[in-house]
Amino acid sequence: MMIFRGLTIAVALTGMIMLSGCGARHMRDAQDSFNAGAAAENQLSTKGDEAYTSALGASTYGTAVANYKVALSLLDKELTQNRAELDKDKLTGTAWTLKCLALWRIADLDASIPPNNAASDSAIKCAKDGLADTGLTLGTRDRVLLKALPAFVEADRGRGQTSYSAAKDYFVSAQVGLDDAIAIVPGDHGVLLYLRLVYLRMLRSWRGAIKTLGGPPTDLVQNEAAFDAQYCALKPRIDTDKTVKALVLKEFQSAVLNAPKSCP
Amino acid sequence: MIEAQVVLFAIQATLKLYAGARQAYVDATLDRELVLPLPRAPDLSKDINNIVEYFNTDEGNAVRLKNELVQTLLQNPAQNEAELKVLYLYYFAEINDFDEEQMTGVEISVADLTNLLTIRQWGRNENPGHPGAFQRIAGTIVEIAVDYFATMPGAVSEARPEGRALLAFLKGMSDVEFATKNPGDLAKGVMIGVLDAVAATPTLLVTGEKEQLLIAGMTAALAKAIDRPDDVNTEKKKRDAADWAQVVSAALARGATDIVLANPSLFLGKTDAGKIVLQDVIAQVADLAFGADKVELQKVLSTEGLTTIAQAALGAISRNPAILGSNNTGLKKLVSEVTATLAISKIKAGQDLAPHLISLVLERSAANLDLLWEGDRDDPGRNLLVVAARQTLTVLSTVTTGPAKTPTFAQDQLLSILDAVFAQVQENPAWVVDQVTGHHSETVSAALAAALAALKGRKHSQFGAEAVRDALRASLLAVGARLEFLDHLPADDAAAGKAFLTAILDAVLSAALEAPMPASRRWQIARASVIQPLVETSFSLLAKKGVTRANLVILRVVLDDLVSGKIRPDDFATALDSKLPG
Chain X
1 MMIFRGLTIA VALTGMIMLS GCGARHMRDA QDSFNAGAAA ENQLSTKGDE
51 AYTSALGAST YGTAVANYKV ALSLLDKELT QNRAELDKDK LTGTAWTLKC
101 LALWRIADLD ASIPPNNAAS DSAIKCAKDG LADTGLTLGT RDRVLLKALP
151 AFVEADRGRG QTSYSAAKDY FVSAQVGLDD AIAIVPGDHG VLLYLRLVYL
201 RMLRSWRGAI KTLGGPPTDL VQNEAAFDAQ YCALKPRIDT DKTVKALVLK
251 EFQSAVLNAP KSCP
Chain U
1001 MIEAQVVLFA IQATLKLYAG ARQAYVDATL DRELVLPLPR APDLSKDINN
1051 IVEYFNTDEG NAVRLKNELV QTLLQNPAQN EAELKVLYLY YFAEINDFDE
1101 EQMTGVEISV ADLTNLLTIR QWGRNENPGH PGAFQRIAGT IVEIAVDYFA
1151 TMPGAVSEAR PEGRALLAFL KGMSDVEFAT KNPGDLAKGV MIGVLDAVAA
1201 TPTLLVTGEK EQLLIAGMTA ALAKAIDRPD DVNTEKKKRD AADWAQVVSA
1251 ALARGATDIV LANPSLFLGK TDAGKIVLQD VIAQVADLAF GADKVELQKV
1301 LSTEGLTTIA QAALGAISRN PAILGSNNTG LKKLVSEVTA TLAISKIKAG
1351 QDLAPHLISL VLERSAANLD LLWEGDRDDP GRNLLVVAAR QTLTVLSTVT
1401 TGPAKTPTFA QDQLLSILDA VFAQVQENPA WVVDQVTGHH SETVSAALAA
1451 ALAALKGRKH SQFGAEAVRD ALRASLLAVG ARLEFLDHLP ADDAAAGKAF
1501 LTAILDAVLS AALEAPMPAS RRWQIARASV IQPLVETSFS LLAKKGVTRA
1551 NLVILRVVLD DLVSGKIRPD DFATALDSKL PG
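Going down the list, the protein sequences come from chains X and U.
Going by our numbering, 203 is the number at position 203 of the first sequence; the sequence numbering is gapless.
Each number in our numbering corresponds to the 1-based position in the second sequence with 1000 added.
Hints in this document: simulated from the structure, not taken from any laboratory.
Treat the hints with care, as some may be off.
[Stated by the list, open to error] According to the in silico footprint, chain X covers these stretches of chain U (three or more CB under 8 Å from chain X):
| hint | region |
| --- | --- |
| 1 | 1025 to 1032 |
| 2 | 1037 to 1044 |
| 3 | 1050 to 1063 |
| 4 | 1105 to 1113 |
Ideal Cβ placement from N, Cα and C applies to all residues, glycine included.
Just chain X, same shape as in the assembly (with noise of 0.2 Å):
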């Protein structure tokens, strides 16, 4: 039948220039270098701090920076070279936002960058400059990553402070950060777990430095009761699944905390 000769051509056709390539498969080649430092950074993550720093974790270290370098290599040559063809499919949002994502990984990771503030100013600057730019399309997931990004920032840098007075400020500061970004997040978006899991993350750097830095008693009994707040948010979930229970409580854990026996 004609029609099925006229659309097989048509697919050919089809095929054919598909493979002529555009802006959206260079960003698809970012995602793919970020995902893949993610899922490495995650794995070292499941084996505790130390092993980002042990001679076992080194290659999965490594693989995790090279690959949020070339997503953000990646990305950069998009946003400059191809603004338009970005700007026209609505892909600068999340372009936009994976840079950030990028340069947030790479200050805290890259062993070869000064321990100053300047490379993780700009993963601030970056996040702060995506909201403010009206001009850019920013799906949920984007938008609240944009928005909790400078905390996540000030978590890294209360971690590596070594005055508890100076660690402290970072974490209320990541903690307020944190809770506006939460505010935000609709309904039961995937998201929202992934920023409590955060927030459970910079409660134990800060638990940490409480009892390391000589924190005060009484910040250590705030700590606590932030961390079985998460936790009483979580409950629904932590009840439901096993594996977000599991999660949720390898962060108790770690912290040499129990958590709440029951939730208000």
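For this one, chain X is given, so just place chain U on it according to the hints.
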């Protein structure tokens, strides 16, 4: 030649398919899942001091108190660090109700972690604002198929009438963007509805040029009408919407056929603004069925009702195209206004009263548009018949309830009363609008109320709804002839304070139905077929010779003669005429 057409079609299809596929690829990139990394944090359980502290507080302390091994190991934590860490992991899992048989504490696999941290762009109940990849590609292929069958010579056999009808339908559907919008089940409903109507309408199967234009125009208008944001979010509602689309489409197709084919140049031609009249009308009626008010309208409009409205609208337009209004929203607003008026009046009537009333308003409005619908044709509030209908229904609803109620009117009786009111308004717009001030006049209400004041509570076995309707019509005619019928009688009259109209009706009905008289005479007089001429004669002679108190007294005397048997019913008109002066 055919080969060349296939290649041309293939190129066009390629471009369309490429555009659809590329957009799907771009959308999928925007929506793509992202694996997110958890930031680093120190593992405090690696520090033996924290473990010692754990076994000395709260639940950990309770474990220590009951466990000699833990107590022994805690005596030298530095030396027993490895054992204490294992016991910590074990007891932590137990205390925190974690199902852990081995002594490794809480663990999570990389795969599980990655799965939990793979985050989608949109939430489960969020609308990303674009169709999914499958719908976009599938929709594009449907569009190509519609294009193909609508434009390729020979793709659909034109030798048979069904083929020509299908071709016309496909041409109508060719502007629907299946790839980007989500007409889904509604489009199927339109397709089945229109094709059902085509199959059931022999005229359409003739499928000459104008029949094909009709099918294509109708389909395009319906397709446009359903092309609106999808507000149905459950499977049942979707099925209901699709069923509704089907019956509406069939109803409109059936309703439009004869009228449009009788005047194809008007309905299938283009207006000065380049619009096709048929499409505008179908779009307005379809908007009633699919628009924001559809849920309410579904309760008051049957499919037959929609057919009636479509026919009435098209009929009115064929008589006077200006009735559509400048913004082409007049019809929709008129329907909303009339259905709302009916709802407010609480008149008990069948589901078809609204469409027939709309039909009546449209028919009379089209005949006297400038007189009855002055100014903005998109504003039904300016239509004098709508105003009159509102006043009429309000008055009727107040007297058809309560202990001394008038009979409940059947739908055709109500329509007959309304038609009589409309006839008077058409004759003299002052019935509903004051010619000097431009404000609404209450003449319709006053005339009906005056008549009903006399009719209310009568013995319905002898004077039923038909007779009440006729008396009302006669009363309206009387007031139309002489406004003095609404004047009130002076205080010294037996009917003091009543309108002349009420008093006259009272006099006739009391004489015929209630005055004492032999049974044989009552048998002759107390029947609607006699009473009605008495009423009409009384009104017409008083209208002619003067609506005065003196003439009312004469009427009462002649009626007494009738009751006493001095005159026969057939002689009533002559007797009254001769006794009235002038």
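Hints, verified against the model:
1. 1025 to 1032: Holds, because 6 residues of the region 1025 to 1032 of chain U bring their Cβ atoms closer than 8 Å to Cβ atoms of chain X.
2. 1037 to 1044: Held - the region 1037 to 1044 of chain U has 8 residues with a Cβ nearer than 8 Å to chain X, which meets the minimum of three.
3. 1050 to 1063: The restraint on the region 1050 to 1063 of chain U holds, since 7 of its residues have a Cβ under 8 Å from chain X and three suffice.
4. 1105 to 1113: holds (count 8)
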